[in-house]
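Just so you know, the protein sequences line up as chains A and L, in that order. Taking our numbering, the leading residue of the first sequence gets 344, the next gets one more, and so forth. Taking our numbering, the leading residue of the second sequence gets 611, the next gets one more, and so forth.
These aren't lab readings, by the way, just hints derived from the structure by calculation. From the three backbone atoms N, C-alpha and C, an ideal C-beta is built for every residue, glycine too. A couple of the hints might just be wrong.
Taking CB as the label site, the calculated pair distances span [stated by the list, open to error]: (1) L:689 / A:520: 39 to 45 Å; (2) A:557 / L:829: 29 to 35 Å; (3) L:828 / A:452: 37 to 43 Å; (4) A:598 / L:677: 57 to 63 Å; (5) A:484 / L:847: 55 to 61 Å; (6) A:506 / L:883: 54 to 60 Å; (7) L:880 / A:640: 53 to 59 Å; (8) L:707 / A:452: 31 to 37 Å.
Next come the chains, spelled out residue by residue.
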Amino acid sequence: MLLVQDGHQAHTGAREALDEEFVDGIIWSPADHRPDHLLSCSSDEPFEDAVQGLDPQLYVARLSDPNPKKLQDYELFSVPMRPRDLAARVLPGLVAGIMDYQAAIPDLTHLIAPTLAVPSMADRRAQSAADLADATMAWKEGVEDDRPLLLSLALERSFLDDGDSVDGLLDEVTATDPDGFYLLFELPPDLDRERSATIRSRALYMVSALAENEFEVWVGYAGMGAQCFRAAGAEAVASGWFQKQQHWSPGHWTGEGGGRQPKLRAYLASTIGSLFLEAELDPLRRADAELYEEVLESPGPLAEELRNGRSPADADFSRSECCLQMFATLAELESRNTGDLQVDLSRAYGDLEMAVDLLERIEEAVQLHPLSGVRSVGAWLDAVSDVAGDLGIAL
Amino acid sequence: MPAPQVSDGGVAAALTPDLTFVRRLGVGGQRVVCLVDREGEQIVLKLMNADAWDRAEREVAVGQRFAHSGLSTILGDLIKIEVEGISCIYFLEEFIEGESLEALGQMQLCEALKLGEELIASAQYLYDEHHLVHRDIKPANIMRRPDGHFVLLDVGVARHQDLDTLTAFNAPHGPGTPGYLAPEQLVASKGHDLDSRADQFAIAIVIFERLAGQLPFDPTAGSYRTLLTTGTVGRWDGVPDIARPLLERMLQPKPHRRYRPEHVVTAIEKVKGEAGCS
């Protein structure tokens with residue numbers, strides 16, 4: 344199941360992607376909507392019949408210098424939040440407020456628990472996150488609501504650096520009994536390949552272990568790792584076109600935000616990632632026409648137009664075209680899943696191998712931009728190999 | 611603390627008039643276990659050094675409340691008694707007629723799966739209703755009643771999830787018996803990180819041993835710890851192929867890769883169905 348990760352002031356291309364049936368639903372970002380707007384959207388076409396969840400985004404509240412955007416309008420919690428705001432005596436009320444808000448939105452198909460970003464098991468936020476999960480489970484027991492409850496885990500990169508912490512957390516959460524989990528992993532795109540692969544393989548391992556325990560697993564901000572998470576057993580993955588919807592990080596929720604307009608880029612199944620239209624695709628077209636044609640052997644409306652002769656230097660590309668191209672690409676990768684762990688991991692590995700080979704040939708022809716969305720493909724390849732080894736699966 | 615060094619005659623002489631000493635059943639760890647008669651009914655008497663009061667009191671408080679056919683129930687309170695000048699304590703427990711699993715040989719698949727299913731039910735009852743992890747499931751603590759049903763005995767070293775541990779062990783592992791330990795028992799000597807999946811692991815070993823005639827992880831091997839923590843089973847000879855995936859999952863070294871407690875019975879039933887067990 345493929346979902347839109349809402350965000351970036353609600354400019355997500357979600358409506359178009361749902362209309363085209365590239366995606367199955369959306370995870371709302373309250374920080375990017377006024378409350379009345381979010382409510383009207385959730386009950387509006389085409390969302391009313393879609394899978395819908397709402398990320399409570401409580402993790403924003405305990406960051407230093409948090410940027411809540413519109414979160415305060417909901418009056419569910421204060422931003423910033425002090426440690427005493429999470430004390431045992433006030434926690435049930437805090438959780439009840441957040442969960443009652445979701446429960447009152449009839450079009451949400453799933454309920455998502457609040458959590459904090461956790462840097463390590465030793466950090467006090469790990470205990471607060473566990474208390475939040477317990478309080479949410481207790482809230483669910485006290486209400487009559489048949490919708491699945493997903494407990495949230497938001498794990499920072501430093502947490503994923505420690506394999507023992509990952510194992511310990513899994514031992515704990517698999518002893519609980521929610522319907523599923525909503526997972527957020529900080530997987531920065533700019534680490535060296537080995538470290539990048541290590542933390543990605545641990546994220547994949549978590550997904551696989553939870554799925555093996557028959558939990559419904561959603562991975563938010565999945566970016567180009569979406570197909571890997573699906574192959575590892577995730578029931579749903581969520582992505583968005585903007586950089587901050589590709590990759591979850593506490594750093595995205597600090598400071599005043601703002602910033603530049605994103606560069607236009609084409610998401611392509613052949614590269615399992617995005618290439619910048621003018622900065623990468625156009626030089627490639629001029630340098631190696633045959634390779635350019637090969638790169639464009641991808642589904643999606645933008646790829647088709649480029650194959651039909653539209654220039655990647657065309658100034659008229661729109662963000663919505665790029666969004667739709669991304670969802671079409673993810674939908675194509677999604678459609679290759681069979682639900683069989685061995686088959687899907689092997690297929691993902693094969694796809695990534697081909698993408699790595701293609702990218703090596705592209706890099707011989709043009710220089711890839713440092714922010715190119717294909718930088719992590721090699722790390723994903725290694726991560727899939729590593730997790731398959733951990734699970735005793737021969738690729 | 612060791613079991614009290616007392617003679618059968620000393621025990622018989624120290625008992626109150628309503629109890630008649632029948633015979634000694636054995637000496638296990640910290641206690642002498644005897645069969646006694648109370649008004650025509652045979653029951654078990656477990657005798658310990660008085661120093662074991664705190665732990666025994668907790669065991670009695672829990673064991674009195676057992677209401678499960680797969681567990682033996684403790685009868686009455688913890689009693690102080692002096693035997694041959696030694697300060698002791700004892701409690702009485704339901705006597706389970708039948709045979710110890712220790713005395714039984716290998717089993718056919720369906721019988722071994724039935725054993726596993728019933729042990730899981732008992733262990734899960736302990737965990738769900740009393741927050742206990744048994745920690746010492748092994749053939750010596752399992753009886754087969756004449757009607758063919760199995761009973762799990764001796765919660766003496768069970769770990770209470772909500773209470774501080776009272777078990778002080780100098781062994782390199784926490785309470786339990788090498789050969790039947792879950793990997794987490796090697797490191798969680800104070801028991802804080804155990805849950806019912808440690809018992810699931812031990813039950814899988816018991817099933818394996820009934821089928822294969824040998825333990826999956828040889829406790830006498832120098833590499834025992836490594837074999838256990840890596841999940842390296844020596845030989846699967848004797849384990850029917852149909853049961854292997856079930857046992858492989860139950861014997862995973864990491865608890866989160868074993869079955870969730872509520873799923874393991876379903877998994878056993880599935881294999882029973884595939885094997886044509888009634």
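### Message
For a quick check of understanding: which of the numbered hints are violated here, in increasing order?
### Response
3, 5, 6, 7 and 8
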